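Chain residues, written in single-letter form:
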Amino acid sequence: MALYPNYPLQTERLRLRPFTRGDVDAVFAYRRREDVALYLFDGPLSREECALAVQQRIGQITLEVEGDKVVLGVELASSGALIGEVSLIWRNVDARQGEIGWIFDPAYQGHGYATEAANALLDLGFGPGDMHRIAARCDVRNIASWRLMDRLGMRREAHFREHALFKNQWDEEFVYAILWQEWHSRREASDGG
Amino acid sequence: MSPALPIDTDRLVLRRFERSDLSALCEYHVLPAMQRYTLGRTRDRDEVAGALGIMRGQISLQRPGDTLTLAMIRKDDEKLLGHVSLHWTDCTAGQGEFRFLINPVHSGNGFVREALSALFDLAFGHYRIHRLMARCDGRNHNSIKLLQQMGLRLEAHYREHALFQGEWDEELHFAILDREWQRSSKVEDLPPRHRVA
Ligand SMILES: CC(C)(COP(=O)(O)OP(=O)(O)OC[C@H]1O[C@@H](n2cnc3c(N)ncnc32)[C@H](O)[C@@H]1OP(=O)(O)O)[C@@H](O)C(=O)NCCC(=O)NCCS
Chain Y
4 MALYPNYPLQ TERLRLRPFT RGDVDAVFAY RRREDVALYL FDGPLSREEC ALAVQQRIGQ
64 ITLEVEGDKV VLGVELASSG ALIGEVSLIW RNVDARQGEI GWIFDPAYQG HGYATEAANA
124 LLDLGFGPGD MHRIAARCDV RNIASWRLMD RLGMRREAHF REHALFKNQW DEEFVYAILW
184 QEWHSRREAS DGG
Chain Z
22 MSPALPIDTD RLVLRRFERS DLSALCEYHV LPAMQRYTLG RTRDRDEVAG ALGIMRGQIS
82 LQRPGDTLTL AMIRKDDEKL LGHVSLHWTD CTAGQGEFRF LINPVHSGNG FVREALSALF
142 DLAFGHYRIH RLMARCDGRN HNSIKLLQQM GLRLEAHYRE HALFQGEWDE ELHFAILDRE
202 WQRSSKVEDL PPRHRVA
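Chains Y and Z supply the protein sequences, listed in that same order. All the letters of the first sequence, read from the start, carry residue numbers 4 to 196 under this note's numbering. All the letters of the second sequence, read from the start, carry residue numbers 22 to 218 under this note's numbering.
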């Protein structure tokens, strides 16, 4: 189902909202870092590249056709600081498949913010987005990322070995996924129902 | 990079498809259970003839995207039992995908295993593929068993990741790396001097 969310999406401690031009410095603060870029497709970004990335993200706020992507800035409700970003891609319209991703500023890692933001995105995809299955992928060495997938209740569905080259080395990749019914029963349980 | 064809195994000859294979191919190619593993839907002789035309052209791997398809012919009676194919998906990372189909009348005799062994030798030896993978339906227990016995690893188990003929699909991926594949005796048996050199 095409998706035109009402922004911002509010969670306990966070606001998920479209990117704006004023975000370039905050994005540069984490996208410039080697440790953040280690398992991302792109290497560390320059400030100009961040400005371009932000420019592109400003328009990525709805899902209308297959392949569309929603990318949202995540800010702390208390201070308004931008601490990272989460994304949801509409992979397949007929089979109602989505894929989520995340990048957070290391200065704000370790507080469960990524979990909180990603859960809000699962709610968006499975709720108004009417998705049936949402997947996520990461490098096997990206422990923080697949632990996050675990926390979200996703199942490990694939472990690919040397199936591709990534940054000139053999790639080893996990794919995790969660189905609508699995998400639904988790929400029922956490609502105390 | 054309392989030396046909390939001889204990009980089989693996060769290119020929026009005269149509009737024997129809025997299994039209079966509903085969449709998942065929290139397109083939419900009647005309559609199988179309598939045969395509497979007759799949005779070597020149560039990524190419497919090599080999008919499995039983030596005893020259009967077409099924076929195996190798699809070259990626050049720099050396990736290949294989498929196999056998007329159910002849399954359970190890013919697919015999043909796939030769196909793996060809893929890893002749074509220098780094990793081979295959997909199969989560309910296809015969194939799952076969692939596991051949030393392939279950790498993916997707649930409801796609629709297949209007129903939620369950798909498994199996894979094996070049260094994990034990070459069949024919290829291993180099003269001793050769090894020392
Ligand atoms: C992947 C990434 C988003 C994970 O960030 P994270 O901070 O570990 O994830 P969370 O915000 O959910 O925090 C979880 C951690 O906070 C702790 N935590 C503290 N309070 C918490 C709370 N209220 N709820 C949940 N966890 C909490 C958890 O115990 C966990 O710590 P641990 O891993 O030491 O056990 C981050 O490492 C990152 O951006 N990496 C670089 C970019 C990247 O690789 N992206 C993914 C590409 S596939």
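Hints are not guaranteed to be accurate.
Stated by the list, open to error - Label-pair restraints from in silico Cβ distances:
id : chain 1 : residue 1 : chain 2 : residue 2 : range
1  : Z       : Q169      : Y       : Y42       : 47 to 57 Å
2  : Y       : T14       : Z       : N130      : 56 to 66 Å
3  : Z       : R77       : Y       : E69       : 33 to 43 Å
4  : Z       : N163      : Y       : V143      : 51 to 61 Å
5  : Y       : R36       : Z       : E188      : 37 to 47 Å
6  : Y       : Y42       : Z       : Q203      : 26 to 36 Å
7  : Y       : T65       : Z       : G129      : 35 to 45 Å
8  : Y       : L168      : Z       : R160      : 51 to 61 Å
9  : Z       : R84       : Y       : R35       : 53 to 63 Å
10 : Z       : R84       : Y       : L55       : 29 to 39 Å
As the list claims (entries may be wrong) - Only some residues are given here: those of chain Z computed to face chain Y with a beta carbon under 8 Å:
id : residue
11 : G146
12 : R149
13 : H151
14 : R156
15 : H182
To be clear, the hints were calculated from the coordinates, so they are not data collected in a lab. Just so you know, these numbers come straight off a predicted model, no measurement behind them. Note that beta-carbon positions come from the ideal geometry of N, C-alpha and C, so glycine has one too.
Right, here's what the structure says about each hint:
Distance hint check: the CB atoms of Q169/Z and Y42/Y are about 31 Å apart, inconsistent with the given range 47 to 57 Å. About 60 Å separates the C-beta atoms of T14/Y and N130/Z, a value consistent with the hinted range of 56 to 66 Å. Between R77/Z and E69/Y the beta carbon distance is about 35 Å. The supplied range of 33 to 43 Å therefore holds. Taking 51 to 61 Å as the suggested C-beta distance range, the pair N163/Z and V143/Y does not conform, at roughly 31 Å.
At roughly 45 Å, the beta carbons of R36/Y and E188/Z sit within the given window of 37 to 47 Å. Checked against the given bound of 26 to 36 Å, the beta carbons of Y42/Y and Q203/Z, roughly 33 Å apart, stay inside it. Taking the beta carbon of each, T65/Y and G129/Z are about 53 Å apart, not inside 35 to 45 Å as hinted. One distance hint, 51 to 61 Å for the beta-carbon pair L168/Y and R160/Z, is violated here, with the actual separation near 33 Å.
The given range of 53 to 63 Å is broken by R84/Z and R35/Y, whose C-beta atoms sit roughly 39 Å from each other. A C-beta distance of roughly 34 Å is found between R84/Z and L55/Y, which places it inside the suggested range of 29 to 39 Å. Hint status for G146/Z relative to chain Y: violated, with the closest Cβ pair at about 18 Å, above 8 Å. Interface hint status for R149/Z: violated, as the beta-carbon distance to the closest one in chain Y is roughly 14 Å, over 8 Å.
Taken as an interface hint, H151/Z checks out: its beta carbon lies about 6 Å from the nearest beta carbon of chain Y, inside 8 Å. Hint status for R156/Z: violated, given a least beta-carbon distance of 12 Å to chain Y, over 8 Å. Checking H182/Z against chain Y: minimum C-beta separation of about 6 Å stays under 8 Å; hint holds.
Violated hints, in rising order: 1, 4, 7, 8, 9, 11, 12, 14; the structure is consistent with all others.
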